[in-house]
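Enquirer: Given next are the chains, with one letter for each unit.
2 protein chains.
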Amino acid sequence: MAARERLLVVGGDAAGMSAASQARRLRAPDDLEIVAVERGHHASYAACGIPYYVGGVVEELDSLIARTPAEFQERGIDLRLRTEAVEIDPGGGRVRVRSLDGGGESWEPYDHLVIATGAVPTRPRLPGADAEGVHGVQILDDGVAIRRAVEDGSPRRAVVVGGGYIGLEMAEALVMRGLEVSLVDFADQPMRTLDPDMGALVADAMRGIGVKLYLGEPVEGFDTSPDGRVTAVRTESRTLPADLVVLGLGVRPASGLAREAGIETGPTGGIVTDRRMRTRTDRVWAAGDCVETRHLISGAPVAIALGTHANKQGRVAGIGIGGGYATFPGVIGTAVSKICHVEVARTGLNEAEAAAAGFETLSVAVGSTTRVGYIPGGAAMTTKLIAERRSGRLLGAQIVGEENAAKRIDGLAIALWNGMTVEEMTGLDLGYAPPFAPVWDPVLIAARKAADAVERDMRSGS
Amino acid sequence: MAARERLLVVGGDAAGMSAASQARRLRAPDDLEIVAVERGHHASYAACGIPYYVGGVVEELDSLIARTPAEFQERGIDLRLRTEAVEIDPGGGRVRVRSLDGGGESWEPYDHLVIATGAVPTRPRLPGADAEGVHGVQILDDGVAIRRAVEDGSPRRAVVVGGGYIGLEMAEALVMRGLEVSLVDFADQPMRTLDPDMGALVADAMRGIGVKLYLGEPVEGFDTSPDGRVTAVRTESRTLPADLVVLGLGVRPASGLAREAGIETGPTGGIVTDRRMRTRTDRVWAAGDCVETRHLISGAPVAIALGTHANKQGRVAGIGIGGGYATFPGVIGTAVSKICHVEVARTGLNEAEAAAAGFETLSVAVGSTTRVGYIPGGAAMTTKLIAERRSGRLLGAQIVGEENAAKRIDGLAIALWNGMTVEEMTGLDLGYAPPFAPVWDPVLIAARKAADAVERDMRSGS
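Protein chains in written order, with my numbering: chain A, 41 to 502; chain B, 41 to 502.
For reference, chain A alone in the conformation it holds in the complex (with noise of 0.2 Å):
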């Protein structure tokens, strides 16, 4: 038998923890040594529920934990808490760690090494944007802390800097707070990875719940009282008073310490990896948000933070490591979003995106409902679809809808993933019945439109 090999993962969360998990599920302890280590309190933890904790609809961040060191240690990895990778040395196959509660410096060997050091919120390079009272939302820590503020500060004035997905969860946590809610937002729409026409349902659906939206207005600063506590956010235009500030200005690749090893990176700023999950550096994997992948619409790199693909490239690490095959194929840039009643989803390409790429396209939009219309309880919903011209190749698909529009983004995700087109999709055998879809279902309809768009244009010969 060869000698006893040793994994080091740096990175203690989804993609790291999913890695050491599938490797010693294909190698034993005697075969193979796994240690993990993670700068941050907590470890496999869902990051994605930091707005329900917030908001109170996860009571205890316990629940927050999939799995504790403890049990790990009892699956036979040795999980490290508080400690930090300060230094790759992919020559001779050793990282420095260093303890963050006093415990000095070493350097680790390792045989293979898995990179998951996730990602950085952004920061805005702005006056007062470290000051007390503004928080980034990335790990548990900034959770429990603003927890901790929104329980014990008696915060009244809360502002969100950011409309992306985290900026709207987390305004509306707060809102559920009894806090009054302001989001800023440079751009002319939240949720820039949907189209203006949808993003505007979501802006109505927020103002909805009370949440004052200021769009189209950079950030310029943040006042901060005489003991360093942040008062206002300031734009151009006005300045809005806040007991509490909440970035959600999204994350990059936390690839700093790979890039410093010489690990390739590509043009996101995320680790480059083959499709097994492997860097261009001999015996050194990357999984998570620190790296970048591949749009398979597009065909371009993209850096996507989501705790799914995370999960998925870990486990391809992992069995990769443990002498299996697996790939992982790259994103279609799927997301889905609740807030409160409304739920919105998209895949695909957006306009913008598919111009970006080349694409000429043609969209529907069609509103519908959820259910038959007289089944009590449907809702409405908008069905957007982005179809090539000519081709009518479906590109993209974005929802704005109540309950039960959002998942609806998966079947759209499948054709995607498979090339249809609109025209094709018009026969899909889907699920009809009263109490889950209109005899013509929301899909179909929007497929036939989109049909008809790309017929209509083809006749008119340009």
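Take every hint as true, because none was put in to throw you off.
Just a sample of chain B residues kept apart from chain A, beta carbon distances all over 12 Å, derived: (1) Asp-71; (2) Leu-121; (3) Arg-197; (4) Ser-265; (5) Arg-269.
Cβ-Cβ distance ranges computed for the label pairs, FRET-style: (6) A:Glu-495 x B:Asp-228: 44 to 52 Å; (7) A:Gly-256 x B:Glu-99: 46 to 54 Å; (8) A:Gly-407 x B:Asp-118: 25 to 33 Å.
From the derived model, a few chain A residues whose C-beta atoms are all more than 12 Å from chain B: (9) Ala-43; (10) Arg-46; (11) Ala-110; (12) Glu-111; (13) Asp-170; (14) Val-215; (15) Glu-257; (16) Asp-283; (17) Ala-405; (18) Glu-428.
No lab work stands behind these hints: they were computed from the structure.
C-beta: ideal position from N, C-alpha, C; glycine also.
Keeping the supplied structure of chain A fixed, place chain B upon it in accordance with the hints.
Expert: Positioned in the frame of chain A, the structure of chain B alone reads:
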């Protein structure tokens, strides 16, 4: 301009009126006269709404009627209710029709004929099957009769014969009306379109709402009172007293009229058409429950009575008659149903159907929840996938679960439609957010387990 043509439509429900409406959209009244005959009191209605009308979820019968004769008249469609087609003369291009309200008979000429005669409910050839108090469920008039019996006759005990979708939905409706309900089926499980293990989950759910199930018991007859009313349902093992009996034994294509005219029907009894919905007889089209279509996975002809197919086929026929081109590609057997809080869905082939089509299969059934564990309101669901041995191609899927479970079948149906393997499905980019799905969507978990099963089977080398 050519002489004005005449379209005659036999049958005024979903398929017939879709064909009429679509043809009208494409051809003006001075180019195409459209006459539709329907022998019932209603046209263009939602038969799938009957259980909801009986149960009282739908208050008014009119809610089930999509369009009135007057509305069709306005669009230049001459819809004649209570008018039955009794003979087709394809050589002469005419149909003999009879007014059921005493208006006599006449021959109606056509240039294009659409046969949309629907389906007839299976009635057992058993003593007492035609007794008063024994109801089929097919046309709106049946729904009216059952609801009247419930509201005026104060029945206490109902027996439903047949455990398919309609039988289960009617059983629920009668429970909602406060009746003691028994359900009898000759098979050992309800919903034989599901595999036995999934059917058992449905049986549990039916018992949970108080329906007594007598499975594996063929009905042998119906007892009647001296005045000819049903008093009990007899099986081999027992006599079930009944004030009301509902037959939910399925339907077969109402193709007799066509067959007598020499129009080809197939092994299912349904009228044979091409993908444009043309029969083998010149100038005669057919659509809806009276036709047979191709099952895209088994390749076999099937007759599936479902409003969504009828609407699509009618539209395709109408486009063809209107001078356009559209096709109905076939079906994959997707169906959904909701019985109280239990949602049921299926697509493709079940294990028995796959075996009959010559496939060897591997199946997995995976229990999961519809949401992340820490979000309240998640519900249990079981997802079953059936994959072909060796190729790993998805052949069928079944879901039994609670809220928000069933419509996930659409994604599986689209994967199946596109010939995906379960291995390919493990990489799918589906919508993830805590209120909608666990980080591993039930569909992805099931795909992974199925892929593992395919791999294990290959390794076993048999």
